[in-house]
Every structure is written in C-alpha cells, then in structure tokens.
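These protein sequence lines map, in sequence, to chains A and B.
Numbered per this note's numbering, the first sequence finishes at 120, counting up by one with no gaps.
Numbered per this note's numbering, the second sequence finishes at 1113, counting up by one with no gaps.
In short, the hints are calculated from the structure, not lab data.
Among the clues, some could well be false.
[To be verified] Taking CB as the label site, the calculated pair distances span:
| no. | chain 1 | residue 1 | chain 2 | residue 2 | range |
| --- | --- | --- | --- | --- | --- |
| 1 | A | I54 | B | R1063 | 34 to 40 Å |
| 2 | B | R1108 | A | L97 | 28 to 34 Å |
| 3 | B | S1110 | A | Q41 | 19 to 25 Å |
| 4 | A | N51 | B | S1030 | 39 to 45 Å |
| 5 | B | S1110 | A | S73 | 50 to 56 Å |
| 6 | B | S1042 | A | Q41 | 17 to 23 Å |
| 7 | B | Q1069 | A | H10 | 18 to 24 Å |
| 8 | B | R1043 | A | G40 | 17 to 23 Å |
| 9 | A | Q64 | B | K1070 | 45 to 51 Å |
| 10 | B | E1061 | A | E68 | 21 to 27 Å |
| 11 | B | T1020 | A | G107 | 32 to 38 Å |
[Unchecked claim] Below 25 Å or equal to it, Euclidean Cα-Cα: the simulated PhoX-like pairs (lysine-lysine) are:
| no. | chain 1 | residue 1 | chain 2 | residue 2 |
| --- | --- | --- | --- | --- |
| 12 | B | K1070 | B | K1055 |
| 13 | A | K57 | A | K42 |
| 14 | B | K1105 | A | K42 |
| 15 | A | K83 | B | K1055 |
| 16 | B | K1078 | B | K1055 |
| 17 | A | K57 | A | K78 |
| 18 | B | K1105 | A | K57 |
| 19 | A | K42 | B | K1073 |
| 20 | A | K83 | B | K1105 |
| 21 | B | K1105 | B | K1073 |
| 22 | A | K42 | B | K1070 |
We put the beta carbon where it would ideally sit given N, CA and C, even for glycine.
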Amino acid sequence: EPEVTQTPSHQVTQMGQEVILRCVPISNHLYFYWYRQILGQKVEFLVSFYNNEISEKSEIFDDQFSVERPDGSNFTLKIRSTKLEDSAMYFCASSILPLAGADGNTGELFFGEGSRLTVL
Amino acid sequence: AQTVTQSQPEMSVQEAETVTLSCTYDTSESDYYLFWYKQPPSRQMILVIRQEAYKQQNATENRFSVNFQKAAKSFSLKISDSQLGDAAMYFCAYITGNTPLVFGKGTRLSVIA
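Whenever a hint applies, use it, and build me the whole structure from the sequences.
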C-alpha cells in the first residue's frame, strides 16, 4: 500500500543551525502539507503546497521556514536557523484531492510517521 | 478562530466494550468537514472516519461511528467491540473551504485486556 515516507525519523541539532526535513508523498497526490506537534500539544498546520507553490501558510510558518518540491517526488521543509521552540514532531501529509472541495469531493489526508526534531 | 476541543486527555476501555470520545468545535461556517484520526504509537496518523456537515446521517465505518450534533457543534466518536489494536491517540479535526485542517489536542485511548 502506498504511503508517505519521512526522513530523518529523529534529528538533533544545535540552535541556529539549518535543518531540512524530507518527505516523499504518495506518487499521484497533488496536495502536500506540513504539520507539527510540540510535545503534549495539538497538531498544528504549517503550510500547504499545490501546483508548485504555497497555497496557504500559518502564522507559525515565518521567514525561517521554507518548502520546496525540488524533483517532483520529494517535498522538503527547511528551517534556516532553528530555535529551541522549533523542537517538535513534524508531519508531512499528502492528498490527491483538496480536503474541503467546493464540489463536495474531499480528499483523504495521508500522513507520514513524522520527523522528531530536537533543538539544543 | 476555529477551535477543536477534546475534553478527555485520556480514556480507557475494556476489550469488547464500547467507548465514546468527545469532541466539540467552534465555527461560524455552515459547510465544513469533520474527521477522526487515529495515531498508534510510533505510527502515522490514519483517517478513521469523516463526516460532511451537510449530511444529517451519522457516518459509520465498521465498529466506528459518530454522533454528529450540528446545532451543538459536537462530534463524538463511538468505538464498539473495542480491540487491543484500537489503543492509540485519537484526534478530532475540522476543515472548511477557507481554513486548513484544525486538530484538537487528542485523546489517548487505552484498551484493557
């Protein structure tokens, strides 16, 4: 069964360092997302990506964050200069349709297992 | 702001029994979708069940069913005949055409053999 894969599963980094989290969405999916979950907190939306551009982003997704789909298969999240508060589980997700389609057709969101980022 | 509230951080159920996880949400939209996701330990989140707000009939998927009360903005998940494999974190979530998917904080369900 196709699935979303994420690497690394766990990364430890020093504050101020750049981090790239990688995701391989399901191959025929068109909509891509990053979410994060700080320990003990709710899962929070970061960004959605469609047709090679950001379609929506949250307040969390500031200038330190960027996303890229460099080669048609990978979908990366970069944090330029990590802060302690960036420590969290980062989930990539993809869907073949938009989640809340105007025509009533909704896509199912498929999540990866997550990448745990620890900033020291 | 749209919010999703899961008031039960932890729940437990005996194997083969029924358990209900509660979820309330706050929205001014009339068209939206509600979801329950399951996250087993060290595994990815998977969709359990989905409900369209315009549908009055409660969604069901095998042992999983919802009690959708639109006026009360309540969306509870009932798990019947609980199994050990049902042990997981359960997240309630909500989306409209104008907002991204918003999650609750989750309810950790333990199943006791």
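Evaluation of the provided hints:
no. : hint                         : verdict
1   : A:I54 / B:R1063: 34 to 40 Å  : 39 Å, holds
2   : B:R1108 / A:L97: 28 to 34 Å  : 30 Å, holds
3   : B:S1110 / A:Q41: 19 to 25 Å  : 21 Å, holds
4   : A:N51 / B:S1030: 39 to 45 Å  : 28 Å, violated
5   : B:S1110 / A:S73: 50 to 56 Å  : 38 Å, violated
6   : B:S1042 / A:Q41: 17 to 23 Å  : 18 Å, holds
7   : B:Q1069 / A:H10: 18 to 24 Å  : 41 Å, violated
8   : B:R1043 / A:G40: 17 to 23 Å  : 19 Å, holds
9   : A:Q64 / B:K1070: 45 to 51 Å  : 39 Å, violated
10  : B:E1061 / A:E68: 21 to 27 Å  : 36 Å, violated
11  : B:T1020 / A:G107: 32 to 38 Å : 28 Å, violated
12  : B:K1070 / B:K1055            : 10 Å, holds
13  : A:K57 / A:K42                : 17 Å, holds
14  : B:K1105 / A:K42              : 4 Å, holds
15  : A:K83 / B:K1055              : 44 Å, violated
16  : B:K1078 / B:K1055            : 18 Å, holds
17  : A:K57 / A:K78                : 14 Å, holds
18  : B:K1105 / A:K57              : 20 Å, holds
19  : A:K42 / B:K1073              : 19 Å, holds
20  : A:K83 / B:K1105              : 23 Å, holds
21  : B:K1105 / B:K1073            : 17 Å, holds
22  : A:K42 / B:K1070              : 23 Å, holds
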